[in-house]
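K.L.:
Sequence:
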Amino acid sequence: MPELPEVETVCRGLRPRIVGRALASVKQNRPDLRFPFPERFAARLEGRQIVSVERRAKYILIRLDDESIWLVHLGMSGRFVVDGQGGAARSGQAGAGNGWRFDHKHDHLVARLDDGGILIFNDPRRFGFMDLFPASTMAEHPRLAELGPEPLSDGFNPAYLGVALKGKRTPIKAALLDQEVVAGLGNIYVCEALWRASVSPRRMASSIPGRRAARLVENVKSVLRDAIQAGGSSLRDFVQASGELGYFQHSWQVYDREQEPCGFDGCSGRIRRIVQSGRSTFYCAKHQR
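My numbering numbers the first residue of the sequence shown as 21 and each following residue consecutively.
Hints may be right or wrong, so weigh each one.
[To be verified] For lysine to aspartate or glutamate, the following EDC-like pairs were computed, each having C-alpha atoms within a straight-line distance of at most 16 Å: (1) K241 - D174; (2) K188 - E200; (3) K186 - E200; (4) K47 - E59; (5) K47 - D127; (6) K47 - E66; (7) K125 - D52; (8) K306 - E280; (9) K186 - D198; (10) K188 - D198; (11) K241 - E170; (12) K306 - D285.
Please keep in mind that the hints were generated in silico from the structure rather than gathered at the bench.
None of the values given here were measured: they were computed from a predicted structure.
With these hints in hand, go ahead and build the complete structure from the sequences.
P.N.:
Structure representation (structure tokens):
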């Protein structure tokens, strides 16, 4: 499932292509994705101008000129791409020479823009979903209301993390995946940040406040920035808004590297894989304490 860097990469790719553009026509090709589309969804989008493209946690928030918010979640395989103004989706291949191809029978929403571009939501597994609601109700929206601070914001700092984790009797990895503690973190980048911070994913969250919290905050931010700069990680289905693949998966230090040598400076350990809360965790038991 795309995590924060992938969603941020999609937002950054969409902005120059769709902000300021009007949705000249919108075609909805099925009644639902993971959940039903909102009532009269395509008709309510048609004719609206796109004011901004923002991100909150793993959600894309498209603000429209009628003071409404078009919320998009990519799910496991959702791709939100633009064709016609330099995009690659409709050509059938995403990115030159990488062989990543779209099956257009999964184009569930297709919007023509007033400049001739085409905005496409393609989702083979249909775990994505969309909503459309007044911007004035965003703070109360059930998907957004309980989210913690953005990890790249000033609000995510050692003092905040120390308070959030105080007395929390759960492994630190589970705590960082809790969207009420910090918004948008997922399995890959939590594994990578814990490795960089030399913190064991099995350590109790209540033992983190202090120096470990400071290291964690610093390394959560650094791994997310590095991943965004690389265009995210293309694992199975993720592509950027242009249709190109991200390449941060080539920089993973720990995720999906079971039994490989730990590359941490001076460490002679090897990467282990364990299962926590039904999800794979990768770490080095020698330097992550």
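K.L.:
Are the Cα positions of K125 and D52 separated by 16 Å at most?
P.N.:
Roughly 14 Å between the alpha carbons, so the hint for K125 and D52 holds.
K.L.:
Holds or violated: are the alpha carbons of K188 and D198 at most 16 Å from each other?
P.N.:
Given that 16 Å is the threshold and the Cα spacing comes to 12 Å, the pair holds.
K.L.:
So if I understand the rule, the pair passes when the alpha-carbon distance is 16 Å or less; does K306 with E280 pass?
P.N.:
Status holds; Cα separation ~13 Å.
K.L.:
Within 16 Å, alpha carbon to alpha carbon, are K306 and D285?
P.N.:
12 Å, holds
K.L.:
Is K241 close enough to E170, meaning Cα to Cα at most 16 Å?
P.N.:
10 Å, holds
K.L.:
Can you confirm whether the C-alpha distance between K188 and E200 stays at or below 16 Å?
P.N.:
13 Å, holds
K.L.:
For a C-alpha distance cap of 16 Å, please report whether K186 and D198 respect it.
P.N.:
14 Å, holds
K.L.:
For K47 and E66, compute the direct alpha-carbon distance and say whether it is at most 16 Å.
P.N.:
9 Å, holds
K.L.:
Is the Cα-Cα distance between K47 and E59 16 Å or less?
P.N.:
14 Å, holds
K.L.:
Taking 16 Å as the top limit, are the C-alpha atoms of K47 and D127 close enough?
P.N.:
10 Å, holds
K.L.:
Quick one, are K241 and D174 close enough, alpha carbons at most 16 Å?
P.N.:
10 Å, holds
K.L.:
Taking only the CA atoms, is the gap from K186 to E200 under or equal to 16 Å?
P.N.:
14 Å, holds
Checked against the numbered hints given earlier, the structure satisfies every one of them.
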